[in-house]
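Please build the complete structure, drawing on both the sequences and the hints.
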Amino acid sequence: MFKNMYFKRLVLSCAAVIFFLLTIFYKYVLVQQEIKENKLQVVCTTNIIADAIKNIAGDYIHLDMLMGPGVDPHLYKPIEQDVTKIAQADVIFYNGLHLEARMSDLFKNMQTIKTTVAVTQDIPVAKLIRSQEHEEYFDPHVWFDPKLWAYAVTTISQILQKHDPKHKNTYQKNSSIYLEKIANMYQVTRKKIATIPKHKRVLISAHDAFEYFARAYNCQVMSLQGISTASEAGTKDIQKLANFIISHKIPAIFLETSIPPRNIQAVQQNVASHGLTLKIGNELYSDALGTYGTKQGTYIGMLTYNVATIVQELR
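With our numbering, letter number 278 in the sequence shown gets 490, and the count goes up by one each step, no holes.
No wet-lab data here; the hints were simulated from the structure. Note that the structure is predicted; figures quoted are calculated from it, not measured. Among the clues, some could well be false.
Calculated lysine-lysine pairs in the DSSO-like style (CA-CA distance at most 27 Å, straight line) [claimed, not checked]:
#1 K374 <-> K359
#2 K380 <-> K403
#3 K385 <-> K251
#4 K359 <-> K339
#5 K385 <-> K359
#6 K339 <-> K251
#7 K320 <-> K339
#8 K380 <-> K297
#9 K393 <-> K404
#10 K359 <-> K297
Structural data, given as structure tokens:
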């Protein structure tokens with residue numbers, strides 16, 4: 213009996229290994245086929261950027277994304293596979309504004325040999341928000357202002373048109389359609405946020421990712437951590453935020469999908485120690501979109517979901 217069990221486990225293990233190898237081989241064949249078809253090889257960092265590229269270029273390019281759902285770009289370090297993908301790419305897109313802080317040197321080096329583009333490069337400096345912690349840096353979370361993200365979409369479209377001119381008209385058309393969808397979403401979501409009474413329109417989250425959102429949607433934001441998740445919140449930060457919540461009777465605070473919940477839970481416990489109830493609302497998407505194939509897996513779906521969640525908890 214034991215021999216039979218051992219044999220079954222051995223067969224299953226071998227089958228799993230074979231399946232894995234076949235999957236890798238299949239992907240390799242697909243990539244090689246796309247190279248033969250002269251598809252533009254594009255690499256991007258975040259899935260927020262990837263969503264814009266997909267809406268513009270569709271299947272006319274081969275796209276590799278380095279960071280998936282739930283990945284914190286502030287802390288992400290490139291692995292060997294990333295470097296290989298970047299080396300094979302024709303065009304590299306990254307957010308810029310120090311979002312991918314641990315990849316800055318890599319992109320700086322690549323700029324001398326490849327088309328390496330910060331999608332935020334064409335946003336007017338006057339429209340950017342400076343970091344309160346480091347004045348030499350700007351807040352990189354520009355996608356939370358749809359009007360600013362429109363600049364990034366246009367930059368991506370122009371670069372793709374330049375490097376893949378045979379599909380220029382398609383990219384122009386697709387980007388126009390996508391920008392119109394973003395504009396329509398912005399109008400709808402602004403009206404929803406406006407249904408929250410002004411004194412209740414206070415968004416409290418784990419890290420300072422929502423300053424652009426606050427400006428675009430006319431609300432106030434507070435957070436425990438700074439713009440980068442690399443900074444840690446201390447006991448004084450937790451106490452200060454708890455006092456603000458108590459004095460302003462804030463009903464809910466929010467977790468983020470890419471950040472551990474411990475600090476937000478500490479704030480909730482602090483408020484509870486004063487005999488008050490503070491609800492932790494559903495998670496908000498901040499530095500990454502949701503899983504591909506879900507509504508939250510698209511930029512428009514993510515912002516729509518975030519707004520619906522905020523309205524539900526604060527109105």
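The hints, checked one at a time:
1. K374 <-> K359: Holds. K374 to K359 sits at ~23 Å (cutoff 27 Å).
2. K380 <-> K403: violated, 35 Å
3. K385 <-> K251: holds, 19 Å
4. K359 <-> K339: Status holds; Cα separation ~10 Å.
5. K385 <-> K359: holds, 19 Å
6. K339 <-> K251: At roughly 35 Å apart (the allowed maximum being 27 Å), K251 and K339 break the hint.
7. K320 <-> K339: holds, 24 Å
8. K380 <-> K297: holds, 24 Å
9. K393 <-> K404: With Cα atoms ~17 Å apart, K393 and K404 stay inside 27 Å; holds.
10. K359 <-> K297: violated, 31 Å
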